[in-house]
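The lines below spell out each chain.
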Amino acid sequence: MMTNQTISVTPEHLAAGAPDERVTSFHVRDVALTTSDGTVAATMALITMDNGFDHTKPTTYGPNGLLRLRDALDAIESRVAAGELAAVGITGKPFIFGVGADLKDVGTLTSRDQGLAIARLGHDQLRRLGELDVPSFAFVNGAAMGGGVEVALHCTYRTISASVPAVALPECFLGLVPGWGGTYLLPRLVGPAAALEVMVSNALSQNRMLEGVQAFRLGMADALLEPADFLEQSILWAAKVVTGETVVERHDHTADADAWAAAVAGARGFVTAKLNGAAPAPTRAIDLVESGRTADRDAGFAAEDDALADLIMSDEFRSGIYSFDLVQRRAKRPVGAPDSALARPVTKVGIVGAGLMASQLALLFARRLDVPVVMTDLDQARVDKGVGYLHAEVDKLLGRKRISPDAANRLRAQVTGSTSKDGFADADFVVEAVFEEMSVKQQVFAEVEAVVSPECVLATNTSSLSVTEMASRLEHPERVVGFHFFNPVAVLPLLEVVKGERTDDASLATAFAVGRTLKKSCVLVEDAPAFVVNRLFTRFLGEVIASTENGTPVEVADRALAPLGLPMSPFVLVQLVGPAIALHTGQTLHEAFPDRFRVSRNLRAIVDAGKPGFWSWDDQGRPYLDDETAALLTVGDGPQTEEQVRDRALCAVAEEIGLMLEEGVVAEAQDIDLCMILGAGWPFHLGGITPYLDRTGTSEKVLGRRFHAPGVASVPG
Amino acid sequence: MPRTAHDVVFVDGVRTPFGKAGPKGVYAETRADDLVINCVRELVRRNPNLPPERVDEVAIAATTQIGDQGLTLGRLTALLSGLPKTVPGFSIDRMCAGAMTAVTTTASGIAFGAYDVAIAGGVEHMGRHPMGEGVDPNPRIVSEKLVDPSALVMGSTAENLHDRFPDISKQRCDQFAVASQAKLEKAYANGKIQPDLVPTATRSAEKGWGLATRDEPPRPGTTLDDLAVLKTPFRAHGNVTAGNSAGLNDGATACLLASQEAADELGLGAKMRLVSFAFVGVEPEVMGIGPVPATEKALRHAGLTIDDIDLFELNEAFAIQVLAFLDHFGIAQDDERVNPWGGAIATGHPLASSGVRLMTQLAAQFAETPQARYGLTAMCIGIGMGGAVIWENPHHVLDDEGKGA
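Chains as they are written, first to last, in the numbering used here: chain A, -4 to 712; chain B, -12 to 392.
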C-alpha cells in the first residue's frame, strides 16, 4: 500500500496533459426551494454538468473538467459558509447525467503517479459533494455511468428519472474499479450484495446496464420521478427534504459483518468461475468492498486511489480500452467497405433452405428489414417446419410482450414458404443456407439466378467454402457475397462479409447496408478458407486436441487455456459448436493448408461414434470423461503440461494471424480482434487476442515482431 | 329528444410563470409545448380526485400554430402530459383570446352534454414564434381597402384608439400602467400569485438549468417618470409605449372545466360557475374596443347589467383599451374591483395563453371575496374582436338583506 505517497504530478499537470479533453462545465444557478403554496423556503445552488455538445457526445470527466468542478465547489462552499444556501443540487444536460471519466485520456497516461493523481483529483472534488454543511441532491436525469454514478453517490440524496436508459458501473468491464468512491459508497447505500451485483456481476455480464426504474428499486436513488417534469419535481422533492416534510431512512449495512462477508464470498466465486484470475480488476473491486466495511472515508478512498493507479498501469485495462474502441467505433465504420451510397434498396428477401439456420435468418430479416421474406426448400414438409419454427418464435416474442399483436400479425404474414423459387422473382437479396457442399450451393445459386433480376444480390452463409468458386459458374458472379453469421444468430453480433474475386462494389455495399440494418457488426473479409473466426478457432482447437493425441490428458488440455479467461474451455466449445461441424471446418482448412491444419483423429473418432463431444456431464453439471469416450481416443506417449499446451496453442494462433494479415484476409490486426470479440466472445482484457499475444511475447517469439507498437493496447514500456 | 343544459364550473387553473420573449428570456431554450404540458400535468397533480381517463377533451390554443406550437397541439399535449391515449385533443386559434375560446368552446361541449370534464389552455412562445411569423395576408386587404393595413400591427391599433378617444391621454395610460406594476408587486408580496404558478425548468446551454418560479416581465417600482421617457415605436410623438402596453412574452396556462354534476360526482370542487360569454367583431384597426360590445352582449345573455359585476379581470394588452372600456362603462380607472392584482402590463401577455390567466386570478379573488357574486373576464382580440366571459362566485354569501354586498 502506498496510501500516503506524495506525488509530484499536480492536477494542473494532468490538465495540461489533456489538450484534447472535451471539457465539462459545471454551471451554477440559484433555484428557489418552494413549499406547495409557492412560498420560497430556501435557496439551492443547482449545478448543471454540460460539455457543450448534444447527447450524442455524453458528458465525461477529465482533469480540466474536474478543475472546473473545483472552482464551482469553491464558490458554493463560501456561499454555504455565508448561510446563503440551504442545499446544493447537481444534474446533467438533456438526456445525459454523466458517463464517467474521460477514459481515452486515462488510457494514455504513462506513469503510475499520473494514475494516482487523476484518482485523487476525482476523489478530492467528488467527495466535497458529500461533505458540505448542507445536504446535496443528485437529480439523475439521464444516462449515468462510472464517475457519473459516483457523482450521484457522493450526494446526500438522489432522484432518478423513470426514462433513464442506462445506469452502470462498467469499470470492471474495462479493467478498472469504480474508484472515485463507488466501491466505498455504493455498498453503504444499497448493501454489499446489490453493490457487487452492479459493479462486478453486471460489469462482467457483457456490461449489463440498469434502467432508471431498476436502479431505483435497487436503492441507488431515493425517489423515482416521471421524465416530463423531472427537474421541477426533483427540486420540489428536495424542498420537502430540506423543510423536513420528507425524511429518507438509511440502513447501516456495515453493521452486518456476516452478510457483508457472504456477499464478498459470493462475488469472489462468480469472478473465479468467470475469469480464472485472468483479469485483476474485478478481484480488486471485491477487495475494496471487503476492506471498505470497516475503513473510514479517508482510508477507503485512499485504497481506491491505489487500486486505480495500479490498474491504470495494467495491460489488461489498456487492452480493455482498445477493445472498447474497436466495438464502439471500428465496428460501426467497417474498414474497407465500399461507399454506402452504392447500396441498392432491398424490398424483399429470399432464403434458400428452411432448416434451423434458415429459419433463424428469416426471423431476423423479417424483424429488422421489415420486408417480405420467402423461404424455400425441397419439399413441403421442410417448408412447413421452417415456417412453423418462425411462427412459434413470433408467438414467444408476443408472449414475452416484446412485440405487439399487430407486429406479430405482420411478421407472420411477411414470412412465407414455398417449394418453388418463383417467389424470388422480385427479391433484391437472396441468401442461401443449405448443406455445406460446394456443388449443392453452386446448383442452388444457378437455380436462383434463373428467376431473379440481374442485380439481385446472392449471399451465401457458408462458413468455410470459397465464395469465388461458388460464384464462378453464374452469369453474374459479381453479385455474390459471403454473409457469414454466427450461431445463435439473434445473439452474436458479428457478421463476416466476404468479398469474392469478382464481387462488385454495389453488391458488397448492399450486403453491408443489409448487415447494418440487421444490427450486426460487419467486418470485411477476403475470400480465404474459413474466413477469420472459424480459421483461428480451428487452428487453436487443433493444437489443443492434438495435444491429447500426443498423450496429454483431456482434463489437462482443457484446463490449459484457463488463465486467459475465455468464455468457455476448448472442449466445452467443441460440444457447443458440434463435433461434426468442427471436423468439417477442419477438413476444409486441411485441404487448403495441409501443413498447419491436420484432421484430428480423436475428433473424427468422437464424430464417428456419434458422441456429442469429449465430455459427459455428471449430476451437478460438472464435465467428466466417460470410459466409452476415453476408449475412443488415441493417446500418445508425449503428454504436455498445461503451460506447454497453452504455449503451442497461442504460438499457433500468432502464426495463423501473421499469415492472415500477410494474405490480406482482413485489413489490420484490429479486425481480427474485433471478429474474435464479437464472433467468439473473447474478452476485452485480452484485447481480443493480438494485444495478449504481444503482451506475452508470443508474437515476437513466433513472428519476430509485435502486432502493435508498445503503448497500443498496452502500457508503454 | 329533450335536452338538458348542464352548468359548467371552473374547477382549477394554473399557469407557468411568464417570461420575456427573446434570446435572453428565461424560456429562450424551452419548448412551447413543454410549457403547456407542465401546466396540464400540474392540473392533474393538483386534482387527485380526477381520474385522468375522465378528461373528455383537451383544447389548447396558440396563435402561431407551427413548429412546437403546431401538430395538433391539444392532442399532443394530452399524449405528452401522460394522459391516457383515449383522451382526445385539438388546437384552437382566436389570437389573443385563444385560451378564452378554448374555455368557452369546451364549456359549450360540457353544457351540451358532450363532455363531463375538459382541459382548456393556451400557450404562446413569442420568442420562438414572433407575432406575424409565416403570415401571408390576402392581397384583397389592400386592393379592396377591406381593412386598414394598420389593423395588423397591434400597437398601431392602440394608437388608433387614442384618435377615437382623444380624452384618454398618455398621462392616464401611464398612470394606469404604474398602478398595474404596483398592484402586481403587492400581490406577489402577499402571496396571491404564487399558488397558481407551476415552477418550470429553464434550460440554458450557457448557464445551466434554472427554475422559473416568478414572472420575468414585471418591473416593480416603475414610476411615471420612468415611463415618460419611453419611445413611442408605433407613431412618432404618439402615446403607446412599451411601458403602457403588455410586452412580448412566453408562457402557458391551463384550466380544468367540468359539468356541475361531474364535479359533484368526482369531488372536484368548483371555483367559479360559468354564467355567459360572448365574442363580438369590431373594426380591426381599433380592435382594442372589442371588449365593450362583447361585454354588453354577455351581460345581455345573462340578464345582468354592468352594475352587477363585482370583480373585473381585464386583459391589459394596452392601457388605452382598458381605459376605453372603463370610460365606456363609467368605471374609475383606479376602481378597486378592476384588476386588483395588476394585469398584463405587469405580468406579461403571451397571446393565446392569457384568457385562462384572467380566469385563474378571478377564481382566486372569488375565494377570498365571498361578497362578490359576479365577475367578468374580458379581452381585446387582434383582427378586431372582443371576448367576454361572466362568472358567478360559488362562495358568494348573501348579506342580511338577501343581497350580495
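Simulated from the structure, these hints should not be mistaken for lab results. If you're wondering where the values come from, they're calculated on a predicted model, not measured in any experiment. Check before you lean on any hint, since a few could be wrong.
Said to hold, decoys possible - Derived EDC-like pairs: lysine to aspartate or glutamate, alpha-carbon spacing no greater than 20 Å straight-line:
(1) K179/B x E16/B
(2) K52/A x E323/B
(3) K194/B x D49/A
What the hints assert, rightly or not - Only some residues are given here: those of chain A computed to face chain B with a beta carbon under 10 Å:
(4) V35
(5) R65
(6) D66
(7) V567
(8) Q570
Cβ atoms here follow ideal geometry from the backbone N, Cα and C, with glycine treated the same way.
Now for the hints, and whether the structure bears them out:
| no. | hint | verdict |
| --- | --- | --- |
| 1 | K179/B x E16/B | violated, 28 Å |
| 2 | K52/A x E323/B | violated, 57 Å |
| 3 | K194/B x D49/A | holds, 15 Å |
| 4 | V35 | holds, 7 Å |
| 5 | R65 | violated, 17 Å |
| 6 | D66 | violated, 14 Å |
| 7 | V567 | violated, 49 Å |
| 8 | Q570 | violated, 50 Å |
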